[in-house]
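Novice: Now for the letters of each chain:
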Amino acid sequence: MTQKKTYALPNITTPNTNVKFNPARCNGCNHCVEVCQCDVYIPNPVKGQPPVILHPDECWYCGCCVNDCPRPGSIAFNWPVQQRAYWKDKKTGKVLRDSQA
Amino acid sequence: MTRWHDFIEKDGKAPAWPYPIRYDQEQEIETDVLVIGGGIAGCWAAITAARNGAKVALVEKGDTIRSGAGGPGCDHWCNVPANPLSPVDPDEWAAAMSEMPYCNGIGNQIQCREDWDTLVEMEQIGGKIRDTEDEYLGAEGRDKKSKIMISPRYTRNIGFGGDAAVRRPFKSNPEGKLNNCTIRIWGSTFKPALKKECKRLGVKIFDRVMVTSLLTEKGVQGARVVGATGLNGRTGEFMIFKSKASIVATAGDWSLYLLNTELAGYNTFRSRTITGDGNAMAFRAGAELTLMERTGVMMLATGFKHTWYGGAGDASYENVQLVDANGKKLPWPTQGWADGGAMRPTQKDMEKIIKGIHSGDYALPFYGDFPGMKDVERRATWDLMLKEESTCKIITDSYEKAGYDPAKHLLQNYSFIEGNSPQQWRTAGGGGPLVDWNLMTTLDGLYVAGENMFAAGDHSYAAATGRYAGRKAAGYSKQVAQGKAAREQITAEKKRIYAPIKRTAGIDWKELHAGIARAMQYFCSEYKTELLLNMGLDALKEIEEVHVPRLYALDPHKLMRSIEDLNLLTHGQIIINAALARKASSMMLNHFRIDFPQLDPAEWHKYLTIKLANNKVKIGSRPQKYWGDMVKNYEKYNKDYTGVYKRKK
Ligand SMILES: Cc1cc2nc3c(=O)[nH]c(=O)nc-3n(C[C@H](O)[C@H](O)[C@H](O)COP(=O)(O)OP(=O)(O)OC[C@H]3O[C@@H](n4cnc5c(N)ncnc54)[C@H](O)[C@@H]3O)c2cc1C
Ligand code: SF4
Ligand code: SF4
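For the protein sequence lines, the chains are A and B, in the order given.
Residues 1 to 101 in this note's numbering are what the first sequence spells out, letter by letter.
Residues 1001 to 1649 in this note's numbering are what the second sequence spells out, letter by letter.
Since the hints were made in silico from the structure, they are not lab data.
In this text, all values refer to a predicted model and were calculated from it rather than measured experimentally.
Glycine included, each C-beta is placed from N, C-alpha and C at the ideal position.
Incorrect hints may have been included.
Unchecked claim - Distance ranges between label pairs, derived from CB positions: (1) K91(A) <-> Y1641(B): 55 to 61 Å; (2) Q49(A) <-> K1328(B): 32 to 38 Å; (3) N11(A) <-> R1622(B): 49 to 55 Å; (4) L9(A) <-> V1220(B): 30 to 36 Å.
Okay, chain B solo, but in the shape it has when bound:
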């Protein structure tokens, strides 16, 4: 009896809700620092704030032990030039990363300076970062003395992708030498260790609680953030958090454009719990967000396509030579030591491959030639890299159980035969609250870290920025008194979030989610015009006025999903408004306006910002590189920081 319908068939009735129901009941918690989201960034923020003497509460929608995109694991610690094996100067690396338009230079500088320190701390609290058991002796990139394993990903290149033609020499790393800027790690050991450390430090953890809104001083939009409200997804209990400083670390929103639960499960290459909550809450509270017009096409949508990593990519291109159905090598980079950095063929090679497919030169399907690899490299790829890469472990384990042996079997690749994603399947990643050198948003007392920041995207970035925000928030909390939350704001929030359980008919969260996603697909995707985008705003407004009042939920879990939908709705509205405001097309922002086709004209080289003031949308802007001199400012704001970083000669 492990399926729901087994109970119907046996007892003629569904099992009772297993948790106590506490709708409307209140629990109030007072703390110095409140961390919203217990993923990678949130855990690091909590730990570091606690280490800096603050009383900390950590609120997580799932269970902190494995929650978030990095919960199951992680195999690459990226952009870690400060590690002792890398000859690269962290400041030079950060500067190079920040040449990319619409990046986050503040985050880049923090990551490059501090993520080695963060990794060292990760090891101190029980994370495995070295080949201590000598399993991979002789593997390329393994340092004999330290047993650290440099990753072949991104070894010659800066950041992601790119080909040899655009590689740049580094002053601190003479051409031809590997940069050793990415480290292989045993990330499946990280999340439980982070939770344990939180507990050891006395962080109060609230698992299964979704934060629903930020409380501002006297309830005024744009005023200091003085706490938050939450909903327990099992009991329906209402939580009131009062804090001197708050950190949002709820990552992005990968399901705004697509809901697919039937047949495939809910999978968008990010945790199912990621629904744009942080952005929606910060926006309603009056924070300025930026890069909200940026969306990306979802590379692979599980269920519609083959799953690997639970949604993205494919095992058969990571470090493995791709061959065609007859065993012929393809000009596809293997991300290995030879091609370090590239994840995709150059455009020229891609054209060659496609031509070859049509002429019969390359026979489909393609395969990853695991058997052709050196034994130790194959193990380092299959057993270390893939088994540690977040959701991959369950995949490699399943294959093995079904008889797959990487030493004998070519693994099928799904490129081409499964087609490309439609342009309308997008992710809303990329935008977030504007930050200063303290990682404070434009609202006093509100900080942000990890993928919730604009232009972020990896595990070590989340860890390093979380750790930094924790330090800054703790410092701030020592200088201020508790703020004054307004009872009216709390009452209004209770009314908003409990509305769906007061109804027993109408539409459920899935229907609403899919409705929002469809409007986003139609009106804010591949083709953008003033007319379409305005129709999108109308469509979302109609959903808000007509369909949201029909939303019903049968239990606390579905109530939580319903509240997530309201965030998706807000998130969609922010994105469309931002897309309307950028009256130009942009390659880097994946933002193509039919009515403003010129690509990246000089006058639009700026960060657009969007916020609510008196509940009206206000558009603003910041210049590119608004953060100023990265090295000088980092040092100015971190005079007391005593990490292990030492300037390299």
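Just chain A, same shape as in the assembly:
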């Protein structure tokens, strides 16, 4: 196992990953940075890369960043575990849940 350098970091705010970017698809156009009401993101210092999540603790889950991304599949919402929904199959009665990783 390669040893990664260990830094002394404070606890990271939770949630810290209110969205997940897909670097294979996102072209770093920064449209999501512009539509965000609260400046949760900043542009990535490396051009063409997905934005950096700087203020995830200010996200109010309005969804605009994901809804308006011109390249669908680049950015996906990542609800905190405690806010995931439950539902039930009407036929089988099986209780289901948003278990997206």
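Starting from the known structure of chain A, fit chain B with the ligands onto it as the hints suggest.
Specialist: Just chain B with the ligands now, with coordinates in the frame of chain A:
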């Protein structure tokens, strides 16, 4: 590398601030009409002022393209009796709305007369208001010819809530007929179209700028408003706006009583940018505010509870039959065609449900029975209503991605199992500057629109009043010259707002915000007495004198959040002072004084007002319905208005 700590782990250092830093640098803009807040009301104000020939500047804390509560979308255009499918007379509807104590009759009259006109204009500039693709053929409420879809919400009732017992017959709408006063819309198309129209009309848009104060003639409190100052939240640049007329449209303040960023994100069922700025600025400038003692309990506080709509309500009660865990129907209105209007069970039904839960008659949890709906009604609810309802789209999309299918799955409801909000989690909504029939405040040259007005609360109200204020402000700006701002006022404001970046230690904005919120919870919530409220004023004063001077900010963004806190502080002070002044309890104002328990005694049936004169708090009052005859006055003040409204027979 999309998270902040990825950079630390990779490079051992944080990324550099991505925007140029311009603290203290000034940019000056001169305009006829200045619009503060680029949400729904602000955009409409800007567009309409520009259409009326004014030079317009629009200043928005976020980005106008999606900012505000209505930025992501909106699915109901409420109180639109002037639409061709409604038999109801707008004046009769407005009068009925205004029977509610402590409403805003001026706003109601404007909304009822002009929000159909506004919606028609919305369509002209690219908003979708009809089922043009025939997706919902056969849906209840869909008009074949016009393809307009009447909403099942509020269809039989006036305004929100209520049950059949209090429904009233309308002269213009014989009993038993739907009133067709609310229209389903594709509101996600609205905000980008509004921004585009602003640009097309030459409105100068200043995004990412927070307006921090109003400038008054020669810097005198209570004098004419002649502009405003602003702070760019990315660069820290100082903005000076000089205007002949100004419109505040910064909505309300939903986080004064609660800060919860950890675990849940910042969510209070309104945009995170809503921090009482308009009220705080108008108050400092000397405007008279009213209904400031009114607060409401936050129905749901996200993070502490399940999220739906990003904070409020639950998908499983909107238009959907609620069933218990065994599939048994609950006596819960579905807001649909049968129960139109009610959002909650009547008290009697609620008692029955609670009893049933304890006796085992109703098994928890409850579910919304989407599969039990007719296909077209289910689609109209899930795909149109919920996907257009502001923050809901991201929720329904997430559920679907996780496998939820409304045709197959019952959606869990969180009523009861998550409990009620504590009384101390409140919203400061409800109060705002007093207005006249021009929507001018008590300060010359200062107008107000949308949720920033007292007693407002929905999208079409914001749009219609914004449009109206834009028209009036443009008219005013043609009659007056630019005013004289005072350099001393600007200098003092710069000193105030840049103080936190001059410090590197102390307390940050979050700690301050939470401290203010806690004081409000303790001293101005469920239990109100002279002693508690005065302790609240002391607590806020201590925060002002001891903790504000320790406030520090590391970058322009956190500086902006810090300045927001100072507005929250002022807002809290206004609210406590107003609560002290109303020495009576009131049901409608959600204002319960232990020391004055009598509910709504006749002598207190009035609007209390609060303002600063020589920096001293002054309390005044206006009688109920101070606006006089609504129809006569509306017509008197709008002789030249040529909307599409025609009096109905
Ligand atoms: C989830 C949800 C669902 C809703 N559904 C509906 C619906 O279906 N029908 C309906 O009628 N209503 C609905 N509403 C309510 C509706 O969205 C609001 O009533 C409406 O947006 C209010 O408009 P406004 O312009 O007054 O405020 P907003 O649209 O909130 O705009 C205020 C703007 O002011 C800006 N601002 C604040 N302070 C400053 C400052 N100091 N300087 C510069 N800018 C500032 C903010 O960034 C914001 O953009 C919903 C709201 C939510 C949250
Ligand atoms: S997620 Fe979408 S909007 Fe954001 S930078 Fe990537 S491609 Fe652009
Ligand atoms: S959901 Fe809204 S507030 Fe959160 S990051 Fe996206 S755009 Fe910003």
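Novice: Each hint should be assessed against the structure and marked as holding or not.
Specialist: Taking the hints in turn, this is what the structure says about them:
1. K91(A) <-> Y1641(B): 55 to 61 Å: holds, 57 Å
2. Q49(A) <-> K1328(B): 32 to 38 Å: violated, 53 Å
3. N11(A) <-> R1622(B): 49 to 55 Å: At 51 Å between Cβs, range holds.
4. L9(A) <-> V1220(B): 30 to 36 Å: violated, 52 Å
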